[in-house]
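Number of protein chains: 2
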Amino acid sequence: MSSIRDVAKKANVAACTVSRVLNGTANVSPETRMRIEQAMKELNYIPNELARGMFKQKAGIVAMLVPNIRHPYFSSLATYIEDELYKNGYKLMLCSTGDDIGREKEYLKILKSNIVDGVIMGVNNQKPEDYQEFGKPLVMLDYYVDDKIPLVVSDHCAGGRLAAEEFIRSGCKYVLHIGNEADTERVISYESHKALQEVLSEHGIRSRELDIKWNTFDFQGYLELAMLILEKYPEIDGIMAADMPACAFLKAAYKLGKKVPEELCIVSYDGTYVARTNVVEITTVHQSLKEIGKVSVDVMLKLLAGERLKENYVRVGVEIKKGETTK
Amino acid sequence: MSSIRDVAKKANVAACTVSRVLNGTANVSPETRMRIEQAMKELNYIPNELARGMFKQKAGIVAMLVPNIRHPYFSSLATYIEDELYKNGYKLMLCSTGDDIGREKEYLKILKSNIVDGVIMGVNNQKPEDYQEFGKPLVMLDYYVDDKIPLVVSDHCAGGRLAAEEFIRSGCKYVLHIGNEADTERVISYESHKALQEVLSEHGIRSRELDIKWNTFDFQGYLELAMLILEKYPEIDGIMAADMPACAFLKAAYKLGKKVPEELCIVSYDGTYVARTNVVEITTVHQSLKEIGKVSVDVMLKLLAGERLKENYVRVGVEIKKGETTK
Chain A
40 MSSIRDVAKK ANVAACTVSR VLNGTANVSP ETRMRIEQAM KELNYIPNEL ARGMFKQKAG
100 IVAMLVPNIR HPYFSSLATY IEDELYKNGY KLMLCSTGDD IGREKEYLKI LKSNIVDGVI
160 MGVNNQKPED YQEFGKPLVM LDYYVDDKIP LVVSDHCAGG RLAAEEFIRS GCKYVLHIGN
220 EADTERVISY ESHKALQEVL SEHGIRSREL DIKWNTFDFQ GYLELAMLIL EKYPEIDGIM
280 AADMPACAFL KAAYKLGKKV PEELCIVSYD GTYVARTNVV EITTVHQSLK EIGKVSVDVM
340 LKLLAGERLK ENYVRVGVEI KKGETTK
Chain B
40 MSSIRDVAKK ANVAACTVSR VLNGTANVSP ETRMRIEQAM KELNYIPNEL ARGMFKQKAG
100 IVAMLVPNIR HPYFSSLATY IEDELYKNGY KLMLCSTGDD IGREKEYLKI LKSNIVDGVI
160 MGVNNQKPED YQEFGKPLVM LDYYVDDKIP LVVSDHCAGG RLAAEEFIRS GCKYVLHIGN
220 EADTERVISY ESHKALQEVL SEHGIRSREL DIKWNTFDFQ GYLELAMLIL EKYPEIDGIM
280 AADMPACAFL KAAYKLGKKV PEELCIVSYD GTYVARTNVV EITTVHQSLK EIGKVSVDVM
340 LKLLAGERLK ENYVRVGVEI KKGETTK
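Protein chains in written order, with this note's numbering: chain A, 40 to 366; chain B, 40 to 366.
The hints are simulated quantities; they were obtained by calculation from the structure and are not laboratory data. Remember, predicted model here, so these are calculated numbers, not experimental data. Any given hint could be a false lead.
Since the list gives no way to pick one copy over another, a pair counts as held whenever it fits inside one copy or between any two copies.
What the hints assert, rightly or not - With a Cα cut of at most 27 angstroms, we get these calculated DSS-like pairs of lysine-lysine:
{"id": "1", "residue 1": "Lys49", "residue 2": "Lys148"}
{"id": "2", "residue 1": "Lys144", "residue 2": "Lys166"}
{"id": "3", "residue 1": "Lys271", "residue 2": "Lys151"}
{"id": "4", "residue 1": "Lys80", "residue 2": "Lys49"}
{"id": "5", "residue 1": "Lys175", "residue 2": "Lys97"}
{"id": "6", "residue 1": "Lys148", "residue 2": "Lys48"}
{"id": "7", "residue 1": "Lys151", "residue 2": "Lys97"}
{"id": "8", "residue 1": "Lys252", "residue 2": "Lys126"}
Chain A extracted, bound-state conformation:
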């Protein structure tokens, strides 16, 4: 059986050029490519995993798993990650699990094969050991596995505090914050809720958390829920929620004739384009998705190059952008 070196010799190119053509990463002239393909045919060469493995094998693809492609948070972040990867010679393969545990497992199984070089994880429904045993570079975005698997995440503690300070400034007395019912202690974004409650409580302000299944992505459902809450609990004068439910509360207030920010203050968490495209400028805790994307790819590239990371837990700063929905 002929080897990659035989092909290279016959085509009069370096063996690594043949390898790169096989991996689809080569930037060779059409003539050279034809010569290589001709040589492969003549020698009856069969490319195989082992032959490829003789050279540094790189799929050139990094996968990103998200719970929902449609969610503006993940679709925006994916765009930044793709751009960063592309600048560094990698392509992005974006896969959505629909926040389903089984579907995430299936994807991880597929991605274990030779399709991709590493995975950036925007979902976290498996057990820690499933990530530990994955066997390829992983970067987690919002879930602490252990001190070995790198984590890149917004400083949600600061985010919760910034929101609390905005409610205090606005003179709110009772703040409702909408969380995700699936979150556990390992999910870092949950810290925003804890920090918010802490600061509000220190200032003697009432707060209450309501956990919903956010991934249903049903704006009409959010709107109905928001109408119900605002009607039933007129004493609520502050809302912290992700961009889309925050928009639902704003719309509900508008429909009920409740004045924003005079009677109800709203802080949306994330600051994606959904908050910005609204007629009313919404006050947001803004996560820098561009920076999260950049850092995640930096970390992934270091892992792929076998470099040591200086830190395994990178916190990216957040800021508050004041709009018309707080005083």
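Use these hints to put chain B onto chain A, whose structure you have.
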């Protein structure tokens, strides 16, 4: 050199089980998998493309190329396509080209390899022959290549007419419609502009098309442009634009104190969640992304199964959803 059949014999399983384990599609017990892996080691078996090709080879992955993952139109459509594929045993690999010709070419090159079974094309920057020569099942979403490559697209002719009728009902005198400067005759969605102009012209209503580079996805830029246009051309009393620029015109009108719909009517085209999450209910021409997704996957599955298609050009119905931005 040992074959897949030798491995199967040694592991005491069917050859197709070995093949399925190799392709990562098998649902076998850990014991069986271990036995197969053990047999491979002992026989020094090298899985290769040819051996895999002895059995029906299926990557189980369909790719979708989009110009921008972040765009709510494409991220929503991708979600529906992924769900449909998943129901049928396929995974989605979503790739974004950033609307860049070179990047689209690179992706097509990669996707020609064994990674995916077929591609659903949400971009169309190549020459027709590049799609004709792709060599794998293709479904186009908004671009006519030839009568052989299937096309699934909204009935944009009806969409343009519906918008025109809404402007006529609202008594508009001068309608500005925002298009995409990159569109050519082969891009079907362009028909909405032609149909709008035709119907308006029949009713003696002035209209003008302004083409912008929509993919920059810069809401602030849209907003500034909208402010400029509304200030400079106060006679404009009707706007048709994609959801995001439509939101920008709504916000600009609000900032300029221009009353909607009394002084300015807005019809947004697409009807994604960006239009729905706004405080003001926007009148939209609603494309059924769910239906486009379903039909695209149906067509793809038929192509993958080698079935003949009854029709190569499927038009999906659109409807107008009346909101508060028209009379």
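- Task: Tell me, please, which holds for Lys148 and Lys48 at an alpha-carbon limit of 27 angstroms: within, between, both or neither?
- Result: between (38 angstroms within a copy, 25 angstroms between copies)
- Message: Within, between, both or neither: how does the pair Lys144, Lys166 come out at a Cα-Cα threshold of 27 angstroms?
- Response: Intra 10 angstroms, inter 39 angstroms, cutoff 27 angstroms: intra-copy only.
- Query: Given identical chains, is Lys80 near Lys49, meaning Cα to Cα at most 27 angstroms, within a copy, between copies, both, or neither?
  - Reply: within (11 angstroms within a copy, 31 angstroms between copies)
- How would you label the pair Lys271, Lys151 (within, between, both, or neither) given a Cα cut-off of 27 angstroms? neither (50 angstroms within a copy, 57 angstroms between copies)
- Query: Is it within, between, both or neither when you check Lys151 against Lys97 at 27 angstroms Cα-Cα?
  - Reply: The answer is both: 14 angstroms in one copy and 17 angstroms across copies each meet 27 angstroms.
- Query: For the identical chains here, do Lys252 and Lys126 meet the 27 angstroms Cα criterion within one copy, between copies, both, or neither?
  - Reply: between (36 angstroms within a copy, 22 angstroms between copies)
- Query: Under a CA distance limit of 27 angstroms, which applies to Lys49 and Lys148: within one copy, between copies, both, or neither?
  - Reply: between (38 angstroms within a copy, 25 angstroms between copies)
- 27 angstroms Cα threshold - placement of Lys97 relative to Lys175: both (12 angstroms within a copy, 24 angstroms between copies)
Checked against the numbered hints above, the structure breaks only hint 3 and satisfies the rest.
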